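2 protein chains.
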Amino acid sequence: MEIYSDSYFMNEAMKMAKIAFEENEIPVGAIIVCRNKIIAKAYNQTEMLTDVTAHAEILAITSAENALGAKYLTECKMYVTLEPCVMCAGACFWAQLGEIHYAASDPKRGFSRISENLLHPRTIVKSGMMAEESKQLLDDFFKKLRN
Amino acid sequence: MEIYSDSYFMNEAMKMAKIAFEENEIPVGAIIVCRNKIIAKAYNQTEMLTDVTAHAEILAITSAENALGAKYLTECKMYVTLEPCVMCAGACFWAQLGEIHYAASDPKRGFSRISENLLHPRTIVKSGMMAEESKQLLDDFFKKLRN
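So the sequences go chain by chain: C and A.
Heads up, the final residue of the first sequence is numbered 147 in this note's numbering, and it's a clean run with no missing numbers.
Heads up, the final residue of the second sequence is numbered 147 in this note's numbering, and it's a clean run with no missing numbers.
So that you can see chain C by itself, here it is in the shape it has in the complex (with noise of 0.2 Å):
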């Protein structure tokens, strides 16, 4: 089986990202990957489905759990292109995710704001990784919403 590296997967939350932004969506994408398996892809849907919880990362855990058939995801990475909200680390905390790797950070609505502790305490937090790249797209589409 192909082992596949960090920076492949969160380049695919990146693709999901970008779809969100064709769309006109706030653009960020989240996957979640199993045993070296992407079992949930998603995008941000608050618009299209008139709903705040829409946000990728609710929508990953929803269909990831739905794909292992079971509540906890403490084997499971989720690759996020932006730093979580207080809801998404809320519910990173009931699914018990063994990993989060976030791109960028979000100093006005990141949960690291508030406390590091929203996230459940076996959870592994990694950030960084295409950073530059994913606050690139937000810039892009705040600059073509205002225009």
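These are computed hints drawn from the structure, not numbers from a lab.
All values derive from a computational prediction rather than experimental measurement.
There's no promise every hint is true.
To be verified - Pairs of lysine-lysine, DSBU-like flavour, derived with a Cα cap of 30 Å:
1) K135/A - K108/C
2) K144/A - K71/C
3) K15/C - K71/A
4) K41/A - K71/C
5) K108/A - K126/C
6) K71/C - K135/A
7) K37/A - K18/A
8) K37/A - K71/A
9) K108/C - K108/A
10) K143/C - K41/C
11) K71/A - K18/C
12) K37/A - K71/C
13) K15/C - K41/C
14) K37/A - K144/A
15) K126/C - K126/A
16) K71/A - K143/C
17) K108/A - K143/A
18) K108/C - K18/A
19) K71/C - K18/A
20) K71/A - K71/C
21) K71/C - K144/C
22) K135/A - K18/A
23) K71/A - K41/C
24) K71/A - K135/C
25) K71/A - K144/C
26) K108/C - K126/A
Start from chain C and add chain A according to the hints.
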């Protein structure tokens, strides 16, 4: 038009919690009211849907936003039988809920143990109505689970 009281609406939320109890879900119910009319009713369905995000509040917000065709619930009140967790408080923040009335406090997982500021600054919070009845239902549920 008949004007209903807060206790009427909280009792409707309790009815949803009792349905959850019967369906072997942690018994939490939530309703959302807009201009004196119930526009969403939900109960915790995490087991049935195998989805940790399927808390009563998340389902109620999704449903209310669909009913109104709007992402913001600034004119709405949520009545929920247990203090929202961090995830649900984050969802209430994004929805900019006008008011949240919760019955029982949740000293272990309630949002207020982290920070009152998880909610939107304009959201009015009231608590304690029917708290005993809600706590009793939860205690009965966990007693049933242990047996």
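Original post:
So which of those numbered hints doesn't the model satisfy?
Top reply: Checked against the structure, the hints that fail are numbers 1, 12, 14, 15, 18 and 21, while the rest are satisfied.
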